Structures are given as C-alpha cells and as structure tokens.
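Residue numbers (numbering that gives the first Met the number 0), protein chains in the order written: chain P, 0 to 317; chain E, 0 to 192; chain X, 0 to 185.
Don't take each hint at face value.
Label-pair ranges, simulated between beta-carbon atoms [as the list claims (entries may be wrong)]: (1) X:30 / E:53: 31 to 37 Å; (2) E:158 / X:112: 38 to 44 Å; (3) X:49 / P:38: 56 to 62 Å; (4) E:189 / X:22: 42 to 48 Å; (5) X:56 / P:231: 43 to 49 Å; (6) E:95 / X:101: 53 to 59 Å.
Simulated from the structure, these hints should not be mistaken for lab results. Everything numeric in this text was worked out from a predicted model, so none of it was measured. All C-beta atoms, glycine included, are put in the ideal place defined by N, C-alpha and C.
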Amino acid sequence: MESNQDSNYRLSYSPHIHTGTKTSEVMGGVALALIPAVAAGIYYFRLDAVYLLLTTVLTSLLSEALMLKILGKEVDLSDKSALVTGLLIGLVLPPEIPLYAAGLGSVFAIVIGKQLFGGLGKNIFNPALIGRAFLVAAYPVLMTTWTKPVGFDAVTSATPLAAARFDDVLTPLSRLFLGNISGSLGETSALALLLGGLYMLVKGYMDWRIPCAAFASLLGLSAIIWGIDPGSYSPPVFHLLAGGFLIGAIFMATDPTTSPVTKSGRWIFGAGVGIITVVIRAWGGYPEGVMFSILLMNAFRPLIDRFTVPAPFGGDRP
Amino acid sequence: MQDFVRGLWKENPVFVQVLGMCPTLAVTTSLINGISMGLATTFVLVASGLVISSVRKLLPDQVRIASFMIIISSFVTVVKLLFEAHIPEISSQLGPYLPLIVTNCIILGRQEAFASKQPVGRSLLDALGMGIGFALALVVLGGVRELLYQGTIGGFQVFGTWYKSMVIMVMPAGAFISLSLLVALFQRISGRK
Amino acid sequence: MKKIVRMVLVLTLLGLISGLALSLVSNYADPIIEENEKEATREAIYYVLKSADSYETEEVDGKVIYRALDSSGELVGYAFTASGGGYQGTIRLMVGVGPEVWKVKGIQILESSETPGLGGKIRGESFKSQFRDLVARGEIGLVKSGEPERGEIKAITGATISSKAVVKIINTELSRVRSILSTGGE
C-alpha cells in the first residue's frame, strides 16, 4: 500500500482507512490557505475588496442555510464549504463589480451549482466557478471591466492576458508575481496564492498531483507554441503567473468533490486543465480560459474515474 | 368543460408535458414575442383541430398522418403570410420559428390523440385549452425573461433605470434556466412534489 | 384496390383544397409583404442619406444600387446593401455614400443577431453615428482604444469582433461599388 508521508487526508476507492480527518477540518484549512490571497486583495484594492468578500461570503452562507431549510435538510453550516465557496467567488470577480451582481453570483453558485445537485459532495461542477460563469454570461460588460489597484491611477485597464492578446503588451513578471496588476481580486498576487498552496500541501489538504500536472502541462504546451512562434504567443512563465491560472489550479481544480479520486485520474485531470487553458488563451475568443477548462474537466470527471479504477487485489478490472 | 381546463393546468403542454420546447425556448425573449407565438400556435391548433375532427371519418387510416400534415402546414403557411403582411416586425423577430410551428409536436400530437377520434365540439374545446395553456406558458416565460433581461414587461419600465441588463436572459442559457425554474415552481404549486 | 383509390383520392383532394386556399391567401398577402419590404428599404435609404428626397433603383453588374436625389433633382449619393458574417450569424447593412464615393454618409443595420448588450450595440446610435460623413478614401480603419483619427472609427468596448465585422463588410462592399461605379458609365 502507499505510504502516508505526503498526505494524511485522501479520497480513494476502497479499501478505506479512516484517519479521523473531517470535511470541516479540510474546508477550514482551505479557508486558512486563502488568507494570503485575501490579504493581498485587500492590500491592493482596499475597501472594494472588503465589501466584495463580505457580500459573497454572507450571501453564500445565507443561501446555503435557506436552501437546506427549503429542501427539508438539517441546517448546518459547520462543514464550512459554503464559506470556502463564498471566499472563492469573491476572489475570482473584478474588484469593482456592483455588489448585487456579486451576491447574485453567489446565490446562483450555491442554489443551482450546489444544492440542486444534491448538496455537499454531490455537485458535478465547482460551485464558485458556476457562479462566475453565470455572471460572465449575465453581465459580460461588468465582468470585463477591470480597475488597477488603488494607489496607482484607479482607471480601467486591460488585464495582463488581454493586454498580451489584443495589444501585444507583456506585463513584467515581477509585477505579476507580487500582484500589482489589474484583474480579479484574488488572481493578482501569484506569491500569495503560492503561499496558500504550500500551506495546503504541507497540511495535506490537497493532492499535489493535480496542480503539478496542471503546471507541467501548461508550461509544456505554452513552451512548445512559444518556441515555434515567440512573436504571437506569450512565454510559458507568463502563462503560469498571469490571469486566474494559479488560483484555479491550486484552489478550484483540487476541490475533492469535483476532481477524480484515483491517482492516475488526477494526473489526467490536471493535465487537461493546463492544456485546455493554453488552447483557449492562445486560439480561443476569450483572453482567459481557466474557468472553462476547469468546468470542462469537471464534466469529464466521472469518465476519468471510470477508466482509472484500480484493479482489486487478485481480481479483474471492474 | 373538462376538455378545456385540462390543457390549461393539469396537462399543460409546456409545464407538465414538456412539449413544443423548440419555440418555447427560442422565441420567448420578450413578452410580445411570447404572446405572438402563443396566439399563432393556438390558431393553428384550433383550426386544424376543427378541420380534422370534422373530416375524421373520411380519412383512410393509412394516410391519416400525411393528411394531418397537409392540413396543419396549410394553416401554418396562412399564419406566416398574414404575420408577414400585417405585423412584419414581430414576424422578423420570430424568424424561422413561425413556419416551424408546423413541427410543433403539440399540434400533431393533439390531432392524433384527440381531434381524429372525437366529435367537433370536444375537439374545439381541447384545442382551445391546449393552445391557451401553451400561450400562457410562453407569456409567463417571455415576461419573466424580458423582466430579468432589461427590467421591462411588454416594453413598460418595471424596474428603475438602475437595473443593469442581464444579458444571459435573452441567450439560450437563460431560456433553459428560467424554464427549469418555472417548471419547478409549477410542480411545487400543483403539489406534485 | 379500393383502399388505394380512396387514399389517393383523399390526399389529392386535400392537396387541391389546401393549394387553392393558399393561393388565395398569398394573392392577398404578397402585395402587402412586398410593400412592407419596399417601405423598409426606403426608410433605410432616407436614414443613411439624410438629404435624399427620392431615389432610383438601378442594377449594375448584378449589384443593386440606389441613386438618391434631393428635392431639386441633384445627385446626393448612392446607397447599397452589404452583408457578411458577424460574431453570430449574418449582418446586413444599408450603406450610404456621397456622389464621389469617398465619403460614407451613414449606415443602418438591417439585420443582425449579435449578442444583445455587447455586439448588439452596433444598432445603437453612438456606433452608427461614427459613420456619418466619414472620410474613407481608402479603407475605413478601426481603433480599439484611444481616439480615432480621420477615416477611423472606435470599436465598441467588449465587442471588438462585431465592430470589426461591420467595418470589414463596409470596406469590402465599398471597393466593389467603387469599381462598379467607375466602370459603369457614370
């Protein structure tokens, strides 16, 4: 059997050994891991960030409680999953978005993306991304209006990805790393996201395979096309740091409910996320493709699980 | 009387039978589109129901579907020409979905299931009930989508100017979302769940 | 045998009745529909060429061109339709140009299914008014950000593809009309 050094929490096919870790602990850990990103968001966008995060978190919790009540289930928010969803939605929205739109996205995420599928552990798609996808379709203008961080000139400006795609301007990597760029609240600072990811890794709240596979496939594919034609495509490290890739790969693709449970399945899943992201960024109609790539791979999850079920000891593959 | 009421509520073609989805989803971007489509379909349903039930004994069994189709498509063509002549703007809004009434399964379905077997009076009531039930569903859906899209109903401002257009509601995804929520609401009200 | 005869008879009869009825309705409706279409064309021409008072329709090399005259009978310009692919479906435009064909006088959207709220804004006055008296000696240019210069228009924010499509449709048809008019004896 596998050693337990790298992780003390894992989902897998049977046989199972319960380690005593509960959902609420994992979700609480994810929320803790998001603190650097939240802090970076508040540092760069000040009060806008505070209001936005408060709105998404409160509406998420409220709609979760209401839905549980309507559906006749026990109203219990202690698993903290609604808190994490609320935080994640806030982090993937433009900081200047009107609060009612942010609230609507959170309601949609919880009610349609999660509870109508059966609640915690039964949803097919990542609820936070469902909420964001709904907002992109509902308010395309609001969702593509970006402000630069406070302290510089607070005017609308293109995101690094849009600038690279439409105006051929590459944002310096150091600024991408620290986060002094326009973009969604939580995607600005690569450093903060990596810190959170590291924490989750050390504590074993996520499987390292998915982000690793996603990083590798994203870097690999973008290196190939950049090598062929550096004039029209962006360099691989730029792809890694710009846009929502880090927050997506670390915090959303690793959602235990919507990612495969088998080890090989997780490699496939992560690789798919990276490849589709590059394909959409390089040749698609949108400058950013992380949201669609994760949602697409979410849809493939049951299929991936089915084809990667390990054979029972001494038996045939099911 | 029961023939009439059935189509309105208990066997509502859209909310209960989930028939005729193509026009239901495609043209209900505004209240006025919903009304026009609903009325056009009701007209075709009633007219062809009347004709078919009055000639039902003359139609040989083997070619009954072919006969239904000739009758239905004639009425659809009449509706299309009249719409184009008198309300060209609505006709261009409805686009290909106006002639496509001919493929609406509610219409052929009612002829096969009801009008071809029942006397004229009952067939008329049945067609009216089904048609109005369909029209009502389209009106509700069109009204909801128009309201959520731009805050108006039938062109009248309901929400203030603060309301930001919710683009998704006039796109196909909005049609599916609002239809499914309405169906859920309908089932809840009629106590089926 | 009797069955087949009856089947054929019934279907033929139905077809005859339906055909008769339809021809009656279409006799009644067709002139009105045609009048509606003419009315729409007339409105679009008077919209793109503000000073036009009447127009003549002529066909040169398979292209229908409307010659617009003002109240004193002077030529004020030409109008023609242009169409091409947009972001979704086809965009059909009426384009009005001055008598020397180097100035676009105005455009009107006859048909488009661009996304409402984004590409749909090409129907809006603020986009269309950019084409009023637009100098276009060569091709019309498009800028995404910043101020448009002479002979350029500004794309709609968030709807670059639709804006680009409109400009491309106009440029293509404009050069075709130019070559037709320069060889067409005018």
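(message) Is 38 to 44 Å respected by the C-beta to C-beta distance linking residue 158 of chain E and residue 112 of chain X?
(response) 26 Å, violated
(message) Given a hint of 31 to 37 Å, does the C-beta separation of residue 30 of chain X and residue 53 of chain E actually sit inside it?
(response) At roughly 32 Å between Cβ atoms, residue 53 of chain E and residue 30 of chain X fall inside 31 to 37 Å, so the hint holds.
(message) Quick check: does the Cβ-Cβ distance between residue 56 of chain X and residue 231 of chain P fall within 43 to 49 Å?
(response) 46 Å, holds
(message) Verify the CB-CB distance for residue 95 of chain E and residue 101 of chain X against the hinted window 53 to 59 Å.
(response) 39 Å, violated
(message) I want to verify a distance hint. Is the separation of the beta carbons of residue 189 of chain E and residue 22 of chain X within 42 to 48 Å?
(response) 46 Å, holds
(request) Starting from the range 56 to 62 Å, see whether the pair residue 49 of chain X and residue 38 of chain P falls in it by beta-carbon distance. (result) 59 Å, holds
Checked against the numbered hints given earlier, this structure breaks hints 2, 6; the rest are met.
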